[in-house]
Amino acid sequence: MQFFGGSEISPSPPVPTASGNNAHMMYVFNRNGVCLLYREWNRLLHTLNAQQDHKLMFGLLFSLKSLTAKMDPTNAEKGNLGVPQLSGQGCSFHSFRTNTYKLSFMESPSGIKIILVTHPRTGDLRESLKYIYNLYVEYVVKNPLYAPGTPIRSELFNTSLDQYVRTIA
Amino acid sequence: MIGVGKIKQYSNVLDKPLSKGKQEVSLSAFAFLFSELVQYNQTQVDNIAELERRLEDAGYAVGARVLELLCHRDKGNRRETRLLGILSFVHSTVWKVLFGKVADSLEKGTEHEDEYMISEKELLVNRFISIPKDMGTFNCGAFVAGIVRGVLDSAGFPAVVTAHFVPVEGQQRPRTTILIKFAEEQKYPSIFLTSLPCLNPPQKLGTTEGSKAGLILAPKLSYLIRLNVSQQNDEAV
Amino acid sequence: MAPVGPRSGDAIFANVERVNAELFTLTYGATVRQLLTDLEEVEEVNKQLDQMGYNIGIRLIDEFLAKSNVTRCVDFRETAEVIAKVGFKMFLGVTATVSNWDADGTCCSIILEDNPLVDFVELPDTCQGLYYCNILSGVIRGALEMVSMKTEVTWIRDVLRGDDAYELQVKLLKQVPEEYPYKDDE
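Residue numbers (full-length UniProt numbering), protein chains in the order written: chain L, 1 to 169; chain S, 1 to 237; chain G, 1 to 186.
Since the hints were derived computationally from the structure, they do not count as laboratory data.
Owing to the predicted nature of the structure, the values given are computational and were not obtained by experimental measurement.
Keep in mind that a hint or two might mislead.
Unchecked claim - Below 25 Å or equal to it, Euclidean Cα-Cα: the simulated DSS-like pairs (lysine-lysine) are:
(1) L:Lys65 to G:Lys47
(2) S:Lys96 to S:Lys133
(3) S:Lys181 to S:Lys108
(4) S:Lys22 to S:Lys101
(5) L:Lys55 to L:Lys102
(6) L:Lys130 to G:Lys47
(7) G:Lys85 to L:Lys65
(8) L:Lys102 to L:Lys70
(9) S:Lys101 to G:Lys89
(10) G:Lys47 to G:Lys183
(11) S:Lys22 to G:Lys150
(12) L:Lys130 to G:Lys67
(13) L:Lys70 to L:Lys55
(14) L:Lys65 to L:Lys130
(15) G:Lys174 to L:Lys70
(16) G:Lys183 to G:Lys89
(17) S:Lys22 to G:Lys67
(18) S:Lys121 to S:Lys108
(19) G:Lys85 to G:Lys67
(20) S:Lys108 to S:Lys96
(21) L:Lys65 to G:Lys174
(22) L:Lys130 to L:Lys55
(23) S:Lys96 to G:Lys183
(24) G:Lys67 to G:Lys47
(25) L:Lys55 to L:Lys65
(26) S:Lys181 to S:Lys133
(27) G:Lys150 to G:Lys85
(28) G:Lys150 to G:Lys183
(29) S:Lys108 to S:Lys22
(30) S:Lys121 to S:Lys101
(31) G:Lys183 to L:Lys70
(32) G:Lys85 to L:Lys130
(33) L:Lys102 to L:Lys65
(34) G:Lys67 to L:Lys55
(35) G:Lys89 to S:Lys22
(36) S:Lys22 to S:Lys96
Given these sequences and hints, build the entire structure.
Put into structure tokens, the structure is as follows:
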């Protein structure tokens, strides 16, 4: 695990790339843990098969959410660690940064989770994630040929997304 | 009669003034309803052609009613009798009411007589669509083609109407062209359509069509449709 | 980034793209006609309309959340109010009211006076028993299920059946927490 590992072990952070190339990859999960979309623009390594990769990512978020809520010093009403939560309940985290990448996360009350992995020096991406959620609504949810819960195959969505992530700084 | 006495404003829908058509719903409400219409129909068919035909049928029902509604409201109950007149009525008036704008273009086909095309850069029903490769040439515009056919047919101009994607140079998204091919006899529309006087509504409503499904009609509209039929009979006598 | 409160239904409706309600009403009418032809039995049509509503609800919830800035739906009371005040307004341009709460706050009525689905409609004798607007109950059920609330939605009053308003009863059955969806051995 190198998420929080020391810099002497980890590879040195990638050189900041020319603008337009900050987004590494993105995942969209629904409330049942189905990976609706995985898209990558700039990923150096693939160590796992796609399915394992998606599952690991989902598990990481699920645990992190549970942990962050458990550690919340402002909220007395919390169950034991691992006790299922209603979505929208408790606090939520929106990003973490390692020396090699930054992971930004948003979850809608309907359980749609959007994860964007970018260059570690990218700024606050909460608005960007909201924008992507809106793209999802426009081009996936409203697509008459999209069946909810199935992988996204919308060219319109992918094109808009590709265009948009180039603007992420 | 249903609901006598209990309805507070109007004892039946006929007494309610026909709306001026200024009410609006959000585009998404329509988009979701339309999506579900498509999804439902997908469960009823085996192939794309059949899916398009069913969407066209649904559109036809809308088109027939739109014509009656507009004739009643905007045209002093006069109906268009000329081919070009009705085409421009579809391209401008109908489009404006349904889609909030005049269609981008109305052209005459170059290859065949009696072929016309209404084109739209971004047809409302294709706005959010992304066609998967396995659905080939499927076009949701079949619904709009149905609306156009419904309007034309009810006005006495039967036609075959189809929807097609046409690539546009320099544009990522194709435009949609509604191709209208009139049947031969359309050059001579029957005379009974020249004018449709607005008479008092008949007493019993909503029974102009035989099938159960046909029974949910706009009563104000259904009497117009009936008048149309009775005038036709007069012609025959 | 300061948290932004939910937007009002009026504000959203004023800002979203809109279409003539007649296109919507007539398209819905065409849908119901198609179902009556396909399924013949009024009961089956009611069921199918509810199912179609449910399918719409599970999609529409995301549009609702994205546009309304509602960030959590945990409290049922609050959620019912939001559906009535923001949801109906934002999609159909009409406002609904919430009333008839039961003592434990798990059951209420959503009342609609204006309903764009039913313009031009009168039920003929052969369609007695049809819940023409049944799609609406499905939408509410589907949307709420996506925010972890299992509900039962039933018609209490229906103008097309002679009542003076449209009234839907929404009963919260249970709130379902999010569970880890994979089994350990997967």
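Results for each hint:
1. L:Lys65 to G:Lys47: violated, 38 Å
2. S:Lys96 to S:Lys133: Violated, at roughly 32 Å.
3. S:Lys181 to S:Lys108: holds, 10 Å
4. S:Lys22 to S:Lys101: holds, 14 Å
5. L:Lys55 to L:Lys102: Judged against 25 Å, a Cα distance of about 19 Å means the pair holds.
6. L:Lys130 to G:Lys47: violated, 35 Å
7. G:Lys85 to L:Lys65: Given pair Lys85 (chain G), Lys65 (chain L) is violated - Cα atoms ~31 Å apart, limit 25 Å.
8. L:Lys102 to L:Lys70: Holds - the C-alpha atoms of Lys70 (chain L) and Lys102 (chain L) are around 23 Å apart, at most 25 Å.
9. S:Lys101 to G:Lys89: Between Lys101 (chain S) and Lys89 (chain G) the Cα gap is close to 24 Å, so the pair holds against 25 Å.
10. G:Lys47 to G:Lys183: violated, 34 Å
11. S:Lys22 to G:Lys150: Distance of about 37 Å is beyond 25 Å: violated.
12. L:Lys130 to G:Lys67: Status holds; Cα separation ~10 Å.
13. L:Lys70 to L:Lys55: Roughly 22 Å separates the two Cα atoms, so the pair holds.
14. L:Lys65 to L:Lys130: Distance ~19 Å between Lys65 (chain L) and Lys130 (chain L) Cα, so the pair holds.
15. G:Lys174 to L:Lys70: Within the cut-off at roughly 24 Å; holds.
16. G:Lys183 to G:Lys89: violated, 42 Å
17. S:Lys22 to G:Lys67: holds, 24 Å
18. S:Lys121 to S:Lys108: holds, 17 Å
19. G:Lys85 to G:Lys67: holds, 14 Å
20. S:Lys108 to S:Lys96: This hinted pair holds, its Cα atoms lying about 20 Å apart.
21. L:Lys65 to G:Lys174: holds, 23 Å
22. L:Lys130 to L:Lys55: holds, 23 Å
23. S:Lys96 to G:Lys183: Given that 25 Å is the threshold and the Cα spacing comes to 54 Å, the pair is violated.
24. G:Lys67 to G:Lys47: The hint is violated at about 30 Å.
25. L:Lys55 to L:Lys65: Answer holds: Lys55 (chain L) to Lys65 (chain L) is near 15 Å, not above 25 Å.
26. S:Lys181 to S:Lys133: Violated: Lys181 (chain S) and Lys133 (chain S) sit about 28 Å apart, past 25 Å.
27. G:Lys150 to G:Lys85: Distance of about 21 Å is within 25 Å: holds.
28. G:Lys150 to G:Lys183: At roughly 23 Å apart (the allowed maximum being 25 Å), Lys183 (chain G) and Lys150 (chain G) satisfy the hint.
29. S:Lys108 to S:Lys22: violated, 32 Å
30. S:Lys121 to S:Lys101: holds, 12 Å
31. G:Lys183 to L:Lys70: With a Cα-Cα distance of about 23 Å, the restraint between Lys183 (chain G) and Lys70 (chain L) holds, given a limit of 25 Å.
32. G:Lys85 to L:Lys130: Holds. Lys85 (chain G) to Lys130 (chain L) sits at ~23 Å (cutoff 25 Å).
33. L:Lys102 to L:Lys65: holds, 16 Å
34. G:Lys67 to L:Lys55: Violated: Lys67 (chain G) and Lys55 (chain L) sit about 30 Å apart, past 25 Å.
35. G:Lys89 to S:Lys22: holds, 16 Å
36. S:Lys22 to S:Lys96: holds, 12 Å
The structure fails hints 1, 2, 6, 7, 10, 11, 16, 23, 24, 26, 29, 34 (numbered hints given earlier, in ascending order).
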